[in-house]
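Trainee: Sequence:
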Amino acid sequence: MHSTGRLPSDSHVRVSYQDNLNQVEERFFATLCGVVLVIVSYSSHNWIEGKGLQTALSLDEGLRQVVHIHDIDQINPEYQDKLVHLSGSLQTDRALNDSDYGISAVNAVELRREVEMYQWVEHEHT
Numbered sequence: 053m054h055s056t057g058r059l060p061s062d063s064h065v066r067v068s069y070q071d072n073l074n075q076v077e078e079r080f081f082a083t084l085c086g087v088v089l090v091i092v093s094y095s096s097h098n099w100i101e102g103k104g105l106q107t108a109l110s111l112d113e114g115l116r117q118v119v120h121i122h123d124i125d126q127i128n129p130e131y132q133d134k135l136v137h138l139s140g141s142l143q144t145d146r147a148l149n150d151s152d153y154g155i156s157a158v159n160a161v162e163l164r165r166e167v168e169m170y171q172w173v174e175h176e177h178t
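The sequence shown begins at 53 in the numbering used here and counts up by one.
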């Protein structure tokens with residue numbers, strides 16, 4: 053360290069000045085970006101909250117309209133076109149068949165076929 057307060061001869065100092073107009077432009081642009089971000093985030097927040105409120109109101113309406121069925125062995129026509137809730141064991145006597153693959157499932161409620169195809173693509177360079 054030099055105790056004289058002078059810079060060593062092998063160092064240099066670069067001083068640059070920025071005029072006030074450039075500083076004002078940069079600050080104005082930064083402020084404008086901030087205001088735009090606040091407006092966009094506020095609008096997004098309100099839209100998301102509105103969707104959440106709409107979902108909650110729809111669920112409440114469904115809860116008020118639901119009809120609980122306790123005797124699931126009888127089909128009652130008065131429940132036609134209504135939102136119903138019932139609980140019981142799911143069973144069937146039907147056999148499900150897939151004729152393409154020769155598969156049969158007895159006492160099954162659903163038979164699902166998922167097909168995936170993989171293909172080898174060969175590129176030949178000469």
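Honestly, I wouldn't trust all of these hints.
Beta-carbon label-pair distances, calculated as ranges [unchecked claim]:
| id | residue 1 | residue 2 | range |
| --- | --- | --- | --- |
| 1 | D133 | A157 | 30 to 40 Å |
| 2 | G114 | I155 | 34 to 44 Å |
| 3 | L89 | Y153 | 48 to 58 Å |
| 4 | D123 | L89 | 54 to 64 Å |
| 5 | S139 | I100 | 50 to 60 Å |
| 6 | H177 | R66 | 30 to 40 Å |
Since the hints were made in silico from the structure, they are not lab data. By construction, the Cβ of each residue, glycine as well, lies at the ideal position given by its N, Cα and C atoms.
Trainee: Taking the hints in turn, state whether each one holds.
Mentor: A quick look at each hint next to the structure:
1. D133 / A157: 30 to 40 Å: holds (32 Å)
2. G114 / I155: 34 to 44 Å: Given about 38 Å between the Cβ atoms, the range holds.
3. L89 / Y153: 48 to 58 Å: holds (56 Å)
4. D123 / L89: 54 to 64 Å: Check passed, 59 Å falls within 54 to 64 Å.
5. S139 / I100: 50 to 60 Å: Between S139 and I100, where Cβ atoms are some 34 Å apart, the hint is violated.
6. H177 / R66: 30 to 40 Å: At 54 Å between Cβs, range violated.
When each numbered hint is compared with the structure, violations occur for hints 5, 6.
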